[in-house]
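Student: One letter stands for each residue in the lines below.
2 protein chains.
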Amino acid sequence: MILTVTLNAALDLTYRVPHLVPHASHRVREVTERPGGKGLNVARVLGALGFRTTVTGFAGGETGRTLRTLLAADGAGAGRAADGDRGSGTAAGSAGTGGETAAVTDALVEVAGPTRRTVGVVDESTGDTTQLNEPGPHISPEEWERFLTAYRGLLEQDVEAVALCGSLPPGVPVGAYATLVREARTAGIPALLDTSGEPLRRGLAARPDLVKPNADELAGITGTAEPLRAARAAQRRGARAVAASLGADGMLLVTQDGAWSAAVPERLAGNPTGAGDSAVAGLLSGLAEGLPWPERLARAVALSAATVRAPVAGEFDEQTYARMLPSVRVRGAETP
Amino acid sequence: MILTVTLNAALDLTYRVPHLVPHASHRVREVTERPGGKGLNVARVLGALGFRTTVTGFAGGETGRTLRTLLAADGAGAGRAADGDRGSGTAAGSAGTGGETAAVTDALVEVAGPTRRTVGVVDESTGDTTQLNEPGPHISPEEWERFLTAYRGLLEQDVEAVALCGSLPPGVPVGAYATLVREARTAGIPALLDTSGEPLRRGLAARPDLVKPNADELAGITGTAEPLRAARAAQRRGARAVAASLGADGMLLVTQDGAWSAAVPERLAGNPTGAGDSAVAGLLSGLAEGLPWPERLARAVALSAATVRAPVAGEFDEQTYARMLPSVRVRGAETP
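In order, the protein sequence lines correspond to chains A and B.
Residue numbering for the first sequence follows my numbering, starting at 244 and increasing by one per position.
Residue numbering for the second sequence follows my numbering, starting at 244 and increasing by one per position.
Some hints here could point you the wrong way.
Stated by the list, open to error - Some chain A residues close to chain B (C-beta under 7 angstroms, calculated; not the full set):
| # | residue |
| --- | --- |
| 1 | Y258 |
| 2 | R270 |
| 3 | E305 |
| 4 | R308 |
| 5 | T309 |
| 6 | L313 |
| 7 | S368 |
| 8 | D371 |
| 9 | T373 |
| 10 | L375 |
| 11 | E377 |
| 12 | H381 |
| 13 | I432 |
Unchecked claim - Here chain A is said to cover these stretches of chain B; the calculated rule only asks that three of the stretch's residues, wherever they fall, bring their Cβ under 8 angstroms from a Cβ of chain A:
| # | region |
| --- | --- |
| 14 | 263–270 |
| 15 | 368–375 |
| 16 | 565–572 |
Derived by calculation from the structure, the hints in this document are not laboratory data.
Note that beta-carbon positions come from the ideal geometry of N, C-alpha and C, so glycine has one too.
Using the sequences and the hints given, assemble the complete structure.
Tutor: And the structure:
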């Protein structure tokens, strides 16, 4: 299975209001709740592609309970859709573009502090979203140790790849991802790191197999705004490979075997929320299947585009994905 | 005791952000959670004044559980502060400006749907608040019947007054407050109604002892913007007495014994959130003690002012209250 780590999981709330006016009072027309945080989003996309995925990280309080209930409900739906596939553990049961939805297994670690909420306020008059993200619960040293024990236990299972995703809640050491990357390497499991700022900088030094910053995050840690130059700089700092998401310009991938860029042939209007998480899912799924790098990149770009086009933020549109995948243009990238 | 009814109770979240920018992403610096909805706010103020109060209405889901946990924690604090006062049931134990804090008793009725959240986003650069209010759970006909049974049971206890507060959640009949006012009258208990729109219009016809609209709500149901004229119109529609809150201009009270207006002698800067609920608490506490109308009005105006001045929205500042109460100017109001 594929393991995703979300240390600062969230209960994502979406509020739809006719028109957002600062300093006014609004009746919310529609409320939706779902499990959130990058690693949980990645797992949902992997599940939709038919890959068995396990999620870990922290959950606590009533918000954590709601998150886990929603996660189990998603899984129950997936189970009904794909009973024959569950737990098969075969290559056919694991690989799955176009296959049946697979359940996401909950291996979150219970903590005392409540799981954070994020609130996305959608202004229906413009379609724009105003985002409010709570900081997350304080994690005690004992809780962090408990997580490390659980993580080591998971790495002893049949893990094909691990994704380490998102921000750190208060109390978790800033070098947390470096520790988790090293543990994965000790277990012989490829690790993908998708975070930003100091946790990314520290994580790089532990030599993850792949990092997936966006252009801003990459510039922030390397001091270089030109993507290819910055990706090479991130490699020198420790990453074996760098997949940089460049928004509407697609993605740039720099590995030890070569460098490629890829984009879809058309500009797509839509909501970019979750497009980066779908790209991570595409890269991981290609890694789990042992695809060559350019094919992993094509999958990541097509899934990103299909997420921008989906009516619900963070979901991906399967028809757009099927249509985009063969049309993604992958080109060799020159060193400037 | 005093009974307050909050059919659409809420878990009130306050988010502090450095500066609110529509369509941007924000890290929330500080999150506070507390029990909300008008009747729960009224009960908190009454408790702080030393009055034994019971709250009823609906609570459900994880948000309802959090609300009840917070309510119990408030009560535990009050219990420690005022053990000698609790449950005494005497006039001395009940009356209490300046007395010890009394516990609030939870008599909320469990429902299947989750209690709504409200989110107040405080922009620290301006101090202004942007408010987002969820609609609330759908209440089934069976749940409404269950509430009516519980309400009738509470009215058989030693209830000095009942306050019916706030909006109706989906599924509750629009004539709900009319029903609750009639039940109170049958039980011989004075009823105060604080709501708006059609539920207020319908509730008036059931002849509540007192309604507390603000100027806009009063104009909305009577079609008259001039407060005294509008209050008289509300009386003709069924209210025995009308207390209209006029913001910085204080309050206007029209009863069968006379009409008065009252205001504090100085303009107070601060946050008006909850000032109306504090006014209701002032009116109820005066009713419970059998004070003459002008003294009830003075108490309501001083509590409102002390709420505007409190550092936390919806709390009241005890020192401001003690200072304001003797300085409130109550005048007879002339019919225009």
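Student: Confirm or reject each hint.
Tutor: Results of checking the hints against the structure:
This hint holds: Y258(A) has a C-beta 6 angstroms from the nearest C-beta of chain B, less than the 7 angstroms allowed. Because the closest C-beta pair between R270(A) and chain B is about 6 angstroms apart, less than 7 angstroms, the hint holds. With a least beta-carbon distance of about 4 angstroms to chain B, the hint placing E305(A) at the interface is held under the 7 angstroms criterion. Restraint check, R308(A) versus chain B: the minimum CB separation of about 6 angstroms is within 7 angstroms; hint holds.
The beta carbon of T309(A) is positioned within 7 angstroms of a beta carbon in chain B (closest approach about 5 angstroms), and the interface hint is therefore held. The criterion of a C-beta within 7 angstroms of any C-beta in chain B is not met by L313(A), whose closest approach is roughly 11 angstroms, and the hint is violated. Interface hint status for S368(A): violated, as the beta-carbon distance to the closest one in chain B is roughly 11 angstroms, over 7 angstroms. Contact between D371(A) and chain B, as hinted, is supported at the beta carbon level, the nearest pair being about 4 angstroms apart and thus within 7 angstroms.
For T373(A), the shortest C-beta to C-beta distance to chain B is roughly 5 angstroms, which falls under 7 angstroms, so the interface hint holds. Hint status for L375(A): holds, given a least beta-carbon distance of 5 angstroms to chain B, under 7 angstroms. The beta carbon of E377(A) is positioned within 7 angstroms of a beta carbon in chain B (closest approach about 5 angstroms), and the interface hint is therefore held. This hint is violated: H381(A) has a C-beta 12 angstroms from the nearest C-beta of chain B, more than the 7 angstroms allowed.
Violation of the interface hint for I432(A) is found here, the shortest Cβ-Cβ separation to chain B being roughly 32 angstroms, above the 7 angstroms cut-off. Restraint check on the region 263–270 of chain B versus chain A: 8 residues with Cβ-Cβ distances below 8 angstroms, three needed, restraint holds. Check on the region 368–375 of chain B: 6 of its residues sit with their Cβ under 8 angstroms from a Cβ of chain A, so the three-residue criterion for coverage holds. Coverage of a stretch by a chain is defined here by at least three residues with a beta carbon nearer than 8 angstroms to that chain's beta carbons; for the region 565–572 of chain B and chain A the count is 0, and the condition is violated.
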